[in-house]
Amino acid sequence: QKEVEQNSGPLSVPEGAIASLNCTYSDRVSQSFFWYRQYSGKSPELIMSIYSNGDKEDGRFTAQLNKASQYVSLLIRDSQPSDSATYLCAVNNDYKLSFGAGTTVTVRA
Amino acid sequence: GAGVSQSPSNKVTEKGKDVELRCDPISGHTALYWYRQRLGQGLEFLIYFQGNSAPDKSGLPSDRFSAERTGESVSTLTIQRTQQEDSAVYLCASSTGHSYEQYFGPGTRLTVT
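Protein chains in written order, with the numbering used here: chain X, 402 to 510; chain A, -17 to 95.
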């Protein structure tokens, strides 16, 4: 079983819609969870961090964490073409981060 | 402030040659990580440095790979006798050491011909 699993996509959403990305992890002791955005040919960029159960909102992004279910999600509201990218879920494994393979999102105009 | 910087941005080398990649972390960040990302693949952990502690080398794929870091400054990743399968983007990230948030540099794209 992979440590961090994401649907690879691609996830295609119309402009203005909500994009919903899911991530599950295997290590119950993990305490820190991150979402990175990676544009094609670029390096990952940290967009959200979440440490407690519940929702955390930052602009058009909302991260949701459920430690009991070992589940993290990212919602992108009012999706824009500039949101088209691969989104990586990362979970701490002691001092290291374990990354999912990423979900590719395409926002169509 | 300045982010993580890496050099060179691109490197083309012949099979069998040695290459050295450089990473300059964010000032004050004590933790430094190297990753490899093959085309269309996820991030593969290579090595981790934290201050003056012994590095975690558990992700290095072979003894052709080595890395050094002096204190909390620049790190170099060396690949000896490069092979075509070493072609990838090599990413460096740093963090404060108190948080697990990692910030990535722009990467070095290595092509072995």
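Take these hints with a grain of salt, some might be off.
What the hints assert, rightly or not - Okay, the calculated beta carbon distance ranges per label pair:
no.	chain 1	residue 1	chain 2	residue 2	range
1	A	LYS(-1)	X	SER483	34 to 44 Å
2	A	GLU(-4)	X	GLY417	25 to 35 Å
3	A	SER48	X	GLY417	45 to 55 Å
4	A	THR93	X	ARG461	12 to 22 Å
Derived by calculation from the structure, the hints in this document are not laboratory data. For each residue, glycine too, the CB sits at the ideal point set by N, CA and C.
Which earlier hints can't be squared with this structure?
2 and 4
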